[in-house]
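Please build the complete structure, drawing on both the sequences and the hints.
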Amino acid sequence: MIDLEYIPPVFQQYVKWVKEYNVITLLEKDYKSGLSFFEKISKEKQDYYYAPGKWSIKEILQHLNDVERIFIYRALRFSRLDPIDLPGFDEEYYLEATSLDEIPYRNLLSEWTSLRESSILFYKNIDPKFLDRTGRASGQEFSVKSIGYILAGHTRHHIEIIKKRYLAA
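First residue of the sequence shown? That's 1 in this note's numbering, and the numbers climb one at a time after it.
Hints in this document: simulated from the structure, not taken from any laboratory. Please note: incorrect hints may appear among the correct ones.
Derived lysine to aspartate or glutamate pairs resembling DMTMM-like cross-links, with alpha carbons at most 20 Å apart [said to hold, decoys possible]:
(1) K32 with E160
(2) K129 with D82
(3) K32 with D127
(4) K129 with E20
(5) K45 with D101
(6) K43 with E59
(7) K19 with E160
(8) K45 with E117
(9) K164 with E44
(10) K54 with E92
(11) K54 with E91
(12) K32 with E117
(13) K124 with E20
(14) K43 with E102
(15) K43 with E160
(16) K32 with E20
(17) K45 with E28
(18) K29 with D90
(19) K43 with E111
(20) K40 with E59
(21) K54 with D90
(22) K29 with E68
(23) K163 with E59
Beta-carbon label-pair distances, calculated as ranges [said to hold, decoys possible]:
(24) K164 with K32: 16 to 26 Å
(25) E5 with R80: 19 to 29 Å
(26) L95 with K163: 13 to 23 Å
(27) R165 with Q12: 14 to 24 Å
(28) K29 with S110: 16 to 26 Å
(29) K16 with G139: 15 to 25 Å
(30) I103 with L35: 23 to 33 Å
(31) V10 with I84: 20 to 30 Å
(32) Q140 with E39: 31 to 41 Å
(33) D132 with K43: 42 to 52 Å
A virtual CB, placed ideally from N, CA and C, is assigned to each residue, including glycine.
Take a look at the structure:
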């Protein structure tokens with residue numbers, strides 16, 4: 001069982017998708033399955049909205065990129081014992097401030113793979129005893145390890161939504 005102590009309640013919904021306890025193995029498996037999944041999405045579905053006000057698959061991929069960057073930055077700061085409370089971010093504002101019309105889906109996927117590969121290397125190169133270090137962001141406490149669980153679970157969460165609401169249509 002994954003220790004939920006340093007996974008804020010709002011992020012615990014993502015951890016239900018996590019079956020692996022080793023954060024490196026987890027991120028590697030999530031990378032392989034995520035890449036395989038996103039590579040198979042047809043061009044017709046990439047800009048598809050299943051309902052008004054919902055994101056397209058391209059927008060979900062951009063969101064995953066934003067979250068990967070922000071959360072690994074948090075993990076870096078927490079692993080280095082940075083005592084400063086980090087601010088939160090509003091995912092809706094991030095997407096509104098991005099223009100995806102001219103960005104090919106392939107580029108977004110390439111960005112996600114690069115970010116995830118970088119995240120895996122971050123965890124491979126960190127001293128295992130630093131995984132339990134904690135810090136605060138958005139007014140909540142996280143551990144370095146919990147961020148890896150959240151990232152993998154977050155990706156899986158969005159893949160499941162895409163399967164049910166975008167690809168089943």
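Quick rundown of the hints versus the structure:
1. K32 with E160: holds (15 Å)
2. K129 with D82: holds (16 Å)
3. K32 with D127: Roughly 24 Å separates the two Cα atoms, so the pair is violated.
4. K129 with E20: holds (19 Å)
5. K45 with D101: holds (14 Å)
6. K43 with E59: holds (14 Å)
7. K19 with E160: Holds. K19 to E160 sits at ~15 Å (cutoff 20 Å).
8. K45 with E117: Roughly 26 Å separates the two Cα atoms, so the pair is violated.
9. K164 with E44: Holds, at roughly 16 Å.
10. K54 with E92: holds (11 Å)
11. K54 with E91: Satisfied, since the Cα-Cα distance of roughly 13 Å is no more than 20 Å.
12. K32 with E117: holds (10 Å)
13. K124 with E20: The given pair, whose Cα atoms are some 16 Å apart, holds under the 20 Å limit.
14. K43 with E102: holds (14 Å)
15. K43 with E160: holds (19 Å)
16. K32 with E20: Holds - the C-alpha atoms of E20 and K32 are around 14 Å apart, at most 20 Å.
17. K45 with E28: It is violated: about 26 Å lies between the C-alpha atoms, which goes past 20 Å.
18. K29 with D90: violated (28 Å)
19. K43 with E111: holds (18 Å)
20. K40 with E59: holds (16 Å)
21. K54 with D90: Since the Cα atoms of K54 and D90 sit roughly 15 Å apart, the hinted pair holds (cutoff 20 Å).
22. K29 with E68: Given pair K29, E68 holds - Cα atoms ~16 Å apart, limit 20 Å.
23. K163 with E59: Judged against 20 Å, a Cα distance of about 15 Å means the pair holds.
24. K164 with K32: 16 to 26 Å: holds (22 Å)
25. E5 with R80: 19 to 29 Å: holds (21 Å)
26. L95 with K163: 13 to 23 Å: holds (21 Å)
27. R165 with Q12: 14 to 24 Å: Given about 22 Å between the Cβ atoms, the range holds.
28. K29 with S110: 16 to 26 Å: About 20 Å separates the Cβ atoms of K29 and S110, which means 16 to 26 Å holds.
29. K16 with G139: 15 to 25 Å: About 23 Å separates the Cβ atoms of K16 and G139, which means 15 to 25 Å holds.
30. I103 with L35: 23 to 33 Å: violated (18 Å)
31. V10 with I84: 20 to 30 Å: holds (21 Å)
32. Q140 with E39: 31 to 41 Å: Roughly 34 Å apart at Cβ, these two residues keep to the hinted range, so it holds.
33. D132 with K43: 42 to 52 Å: holds (44 Å)
Violated hints, in rising order: 3, 8, 17, 18 and 30; the structure is consistent with all others.
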